[in-house]
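Undergrad: Residue-level listing of the chains:
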Amino acid sequence: MIESRKRELVKEFAPRLETTSKLSKIWIGGLIAVILVGVYAFFIQLFNGHEVTGMRDNVVWGIFIVNFIFFVCLSYSGAFFSGILHFVDTPWKNAVSRIVEMITVISLIIGPIFILLCIGRLDRLHYLFLYPRIQSPITWDIMAIMIDLVACFLYLYLTFIPDFAILRDHSEALNVPNWKKKMYKFFAIGYQDTKTQRKRLNKITKAMSAIVIVLAIVAYSVLAWIFSLTLQPGWNSTIFAPYFIIAGLFSGVAVIIITMYLVRKFLKLEKYIRKTHFKVGGFILLILALLYGYFTFTEYFSKWFSHKATDSSILNTLFTRYFWEFILANYIGVLVPVVILFYKKFRTIKLITFASVVAILGIWLNRYLIVIPTLETPFIPIQDTRLEYIHYSATWVEWAMSSAGIAGFLLLFTLISKIVPLIPMNSIIDSEYAPKIKKRVNKETKEITD
Amino acid sequence: MKNHLYKYVQFATLIIALFIGFLSNAQQFDNSKYELQFNLKSSKKSDNTRLLETNFTAINNEDSKDELIISDAEIKFYNVLDDNEVLIGESKTTKSGIAKFIVPANYKYLADEEGLITIEARFEGSDALEPISETYSFKDLHLELVLTEVDSVRTVTAKAYLLNAAGEEIPVEADLYFYAGGMLSRFKLEDGFLEEGNFEYEFEYTTNLPGDADGNLNISVAIEDHPEFGNVIQMKTDNWGVPSQHIPETNKLWSEAGPIWMYIVLTLMLVGVFANFVYTIINLYKIKKEGDQLES
Numbered sequence: 001m002i003e004s005r006k007r008e009l010v011k012e013f014a015p016r017l018e019t020t021s022k023l024s025k026i027w028i029g030g031l032i033a034v035i036l037v038g039v040y041a042f043f044i045q046l047f048n049g050h051e052v053t054g055m056r057d058n059v060v061w062g063i064f065i066v067n068f069i070f071f072v073c074l075s076y077s078g079a080f081f082s083g084i085l086h087f088v089d090t091p092w093k094n095a096v097s098r099i100v101e102m103i104t105v106i107s108l109i110i111g112p113i114f115i116l117l118c119i120g121r122l123d124r125l126h127y128l129f130l131y132p133r134i135q136s137p138i139t140w141d142i143m144a145i146m147i148d149l150v151a152c153f154l155y156l157y158l159t160f161i162p163d164f165a166i167l168r169d170h171s172e173a174l175n176v177p178n179w180k181k182k183m184y185k186f187f188a189i190g191y192q193d194t195k196t197q198r199k200r201l202n203k204i205t206k207a208m209s210a211i212v213i214v215l216a217i218v219a220y221s222v223l224a225w226i227f228s229l230t231l232q233p234g235w236n237s238t239i240f241a242p243y244f245i246i247a248g249l250f251s252g253v254a255v256i257i258i259t260m261y262l263v264r265k266f267l268k269l270e271k272y273i274r275k276t277h278f279k280v281g282g283f284i285l286l287i288l289a290l291l292y293g294y295f296t297f298t299e300y301f302s303k304w305f306s307h308k309a310t311d312s313s314i315l316n317t318l319f320t321r322y323f324w325e326f327i328l329a330n331y332i333g334v335l336v337p338v339v340i341l342f343y344k345k346f347r348t349i350k351l352i353t354f355a356s357v358v359a360i361l362g363i364w365l366n367r368y369l370i371v372i373p374t375l376e377t378p379f380i381p382i383q384d385t386r387l388e389y390i391h392y393s394a395t396w397v398e399w400a401m402s403s404a405g406i407a408g409f410l411l412l413f414t415l416i417s418k419i420v421p422l423i424p425m426n427s428i429i430d431s432e433y434a435p436k437i438k439k440r441v442n443k444e445t446k447e448i449t450d
Numbered sequence: 451m452k453n454h455l456y457k458y459v460q461f462a463t464l465i466i467a468l469f470i471g472f473l474s475n476a477q478q479f480d481n482s483k484y485e486l487q488f489n490l491k492s493s494k495k496s497d498n499t500r501l502l503e504t505n506f507t508a509i510n511n512e513d514s515k516d517e518l519i520i521s522d523a524e525i526k527f528y529n530v531l532d533d534n535e536v537l538i539g540e541s542k543t544t545k546s547g548i549a550k551f552i553v554p555a556n557y558k559y560l561a562d563e564e565g566l567i568t569i570e571a572r573f574e575g576s577d578a579l580e581p582i583s584e585t586y587s588f589k590d591l592h593l594e595l596v597l598t599e600v601d602s603v604r605t606v607t608a609k610a611y612l613l614n615a616a617g618e619e620i621p622v623e624a625d626l627y628f629y630a631g632g633m634l635s636r637f638k639l640e641d642g643f644l645e646e647g648n649f650e651y652e653f654e655y656t657t658n659l660p661g662d663a664d665g666n667l668n669i670s671v672a673i674e675d676h677p678e679f680g681n682v683i684q685m686k687t688d689n690w691g692v693p694s695q696h697i698p699e700t701n702k703l704w705s706e707a708g709p710i711w712m713y714i715v716l717t718l719m720l721v722g723v724f725a726n727f728v729y730t731i732i733n734l735y736k737i738k739k740e741g742d743q744l745e746s
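Chains R and A are the protein sequences, given in the same order. When the letters of the first sequence are read in order and numbered with the numbering used here, they come out as residues 1 to 450. When the letters of the second sequence are read in order and numbered with the numbering used here, they come out as residues 451 to 746.
Just to be clear, a hint being listed does not mean it is correct.
Claimed, not checked - Result set (DSS-like, lysine-lysine): computed pairs, CA atoms no more than 30 Å apart in a straight line:
id, chain 1, residue 1, chain 2, residue 2
1, A, K736, R, K195
2, R, K206, A, K738
3, A, K738, R, K199
As the list claims (entries may be wrong) - Away from chain R, derived, C-beta distances all over 10 Å, residues of chain A:
id, residue
4, N498
5, E524
6, A663
7, P709
8, F727
9, T730
10, D742
Claimed, not checked - Output of the computed footprint for chain A on chain R, the stretches with three or more beta carbons under 8 Å from beta carbons of chain A:
id, stretch
11, 184-193
12, 233-245
13, 272-278
14, 351-362
Hints listed in this document are in silico derivations from the structure and should not be mistaken for laboratory results. Glycine residues also receive a C-beta, built at the ideal position from the N, C-alpha and C atoms.
If we strip away everything but chain R, and leave its shape as in the complex, we get:
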């Protein structure tokens, strides 16, 4: 009975794995075109140096670092929720768990590429590993990102194993090329869903979920410390680590909701991704929006109240030169999601998704305001600098590479969704047959004991 249900599920998800529609081909082609423009921009930067970007002596970090923080925080947030979901025993998690795991790994691949683009001398990159300084938050961050990447890959793979096994066992129902069938067999590593195999896989997946949650918190904090352990006004703050964690979780939930909306609409998964998922997601987003708003207010209020000259200077910059960006990031980006998600009548799928889009734009701008205005008003003013070096504005080269990063994220998501179903089949089986499986396992255990 379970086997026939597995076959049904394979047949249900087969069209997405077997064929690529013309629309999908155009989508993939468009993404590759954007990536190629980004690659072209990268070579321009490689051959001409950072002078083709808007980064200068004062503002040495531009939108690359903003994108780095955004993607890496997205990944940590995904890892955090993915780990939590594994411990939650509820059927509705099936629809989102794989999407969250994929967002986690893909954003952790894309994010660090942006930090490499910030480095003027890429030929000296290996010095970071040859001459690491354990006192440096940069060293901590490199270690955190690399270890987190390994942990997330392992975790993603562990959750894929049962589905690879289902696809291997029912490959006759699939009209896919032989290499794909061989791949399913190879990655299924002989998993037959026996009692001991199931127990082992559950045990290591649970341990890895716990590690992934801890790693996400550590890595989040380390990323925040890169900024807050300096004396720069706007960065030197004791609450930066928890602030980053909350902001990261806020952006993570928003991206998950947007992805759920797009996947549901374009992959016709309304049966699995239902309004309940958006309501639960919206509720979590509301709580995080309130917390994020509270942290943002505390951060700027203490700066304003202290009347320190350097803090006053950065606040003055934010409320003059960056007035509209500040309003969009910290007022619109928080209040619009709160208002939409607070009132029951506004909690429709489209409005919850709209609230998420506003939240994402607000968070990205918030990151921009953390990085750029601070570098434009440094703790020790740089003397004899050129006036045009003080203010930053990104060039087309930076925008092209940033767009390529987003396109890369979408392309990887699309390609992985062509290899495994976006809804974990094994979890569907588990939720449908859990009591029966439990009964069978108990019976087998009793027989062995007797």
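Given the coordinates of chain R, work out where chain A should sit on it, guided by the hints.
TA: Relative to the frame of chain R, chain A by itself:
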């Protein structure tokens, strides 16, 4: 479906075409909109050489913020007097649009009766750009700096003068700025003024400023942006600074090693995480082994 597909292809093509069109427009250069800017300045250094420096750019007439830097342009520097001109040297503009040439200290300039020297920087034009030139006139001011110490009293003396045709010293009027240090930024010591008839300006040095490990400190005097003499600087080094001591730093980013607790915490964390990775891989191997046994 076919209509939808046609719509999507059409839309995607339009977006890509607009994007590429935008990029290609951004690369076009219409030089009729730009006005060439060519500046020449000069400064006399402490070793009595003279730096000639030009800045070559083009500014958009419609948008003054749109400034193009003209690099790799050949600039020739001439010493001009009436109808005579002598080529001093030539240099190419860098990626910053700046061309520099250093005139040796013993160079004999052509000067008029009042001692006025005229330098002309000339760009002779190219296929895309019109010729342009700029002149700069100055008098060759001699600036001397003497540091003396008598009975622990340290005195800084600056002397400025012009030489006439007979080689006699002529006093000048000028503002003098005295500085110490100079690696990161200069520390201002004194502002002085040479009045008519006075060759020298002096003041007592009383400040305790950090020098290098041996206490050596740079003291300089400068005349800045003077209408007749331009920029002139003179510098001397003496043992007037407080010797900087090397104090071993601990628990700093630049210290030899981090604090012990950092190594312990990091090691514990890494051991914990990697132990989990190893545990996972061992269990995956056991799953595979059981699967292989079931298959066989």
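Undergrad: Has the given pair, K736 (chain A) with K195 (chain R), been kept, meaning a C-alpha gap of at most 30 Å?
TA: holds, 13 Å
Undergrad: Verify the coverage statement for the stretch 272-278 of chain R against chain A, using a C-beta to C-beta distance below 8 Å and requiring 3 or more qualifying residues.
TA: violated (count 0)
Undergrad: Does N498 (chain A) sit more than 10 Å from chain R, CB to CB?
TA: Given a closest Cβ separation of 24 Å, the condition holds.
Undergrad: Take a quick look at A663 (chain A) and tell me if its Cβ sits farther than 10 Å from every Cβ on chain R, holds or violated.
TA: holds, 24 Å
Undergrad: Test coverage of the stretch 233-245 of chain R by chain A using CB-CB distances below 8 Å; three residues minimum.
TA: violated (count 0)
Undergrad: Going by Cβ atoms, does P709 (chain A) stay more than 10 Å from chain R at every point?
TA: Not fine: 8 Å to the nearest Cβ puts P709 (chain A) too close to chain R.
Undergrad: Any Cβ of chain R at or closer than 10 Å to D742 (chain A), or is the non-interface label fine?
TA: violated, 5 Å
Undergrad: Could you grab the alpha-carbon distance between K206 (chain R) and K738 (chain A) and see if it respects the 30 Å cut-off?
TA: holds, 19 Å
Undergrad: Within the assertion that chain A covers the stretch 351-362 of chain R, do at least three residues meet a Cβ-to-Cβ distance smaller than 8 Å?
TA: It is violated, with 0 qualifying residues against the three required.
Undergrad: Taking the closest pair, is the beta carbon of F727 (chain A) still more than 10 Å from chain R?
TA: violated, 7 Å
Undergrad: Between the stretch 184-193 of chain R and chain A, see if three or more residues pass the 8 Å beta-carbon test, and mark the coverage as holds or violated.
TA: holds (count 5)
Undergrad: Is the hinted pair K738 (chain A) and K199 (chain R) satisfied, with a Cα-Cα distance of at most 30 Å?
TA: holds, 14 Å
Hint check: violations occur at hints 7, 8, 9, 10, 12, 13 and 14; the rest are consistent with the structure.
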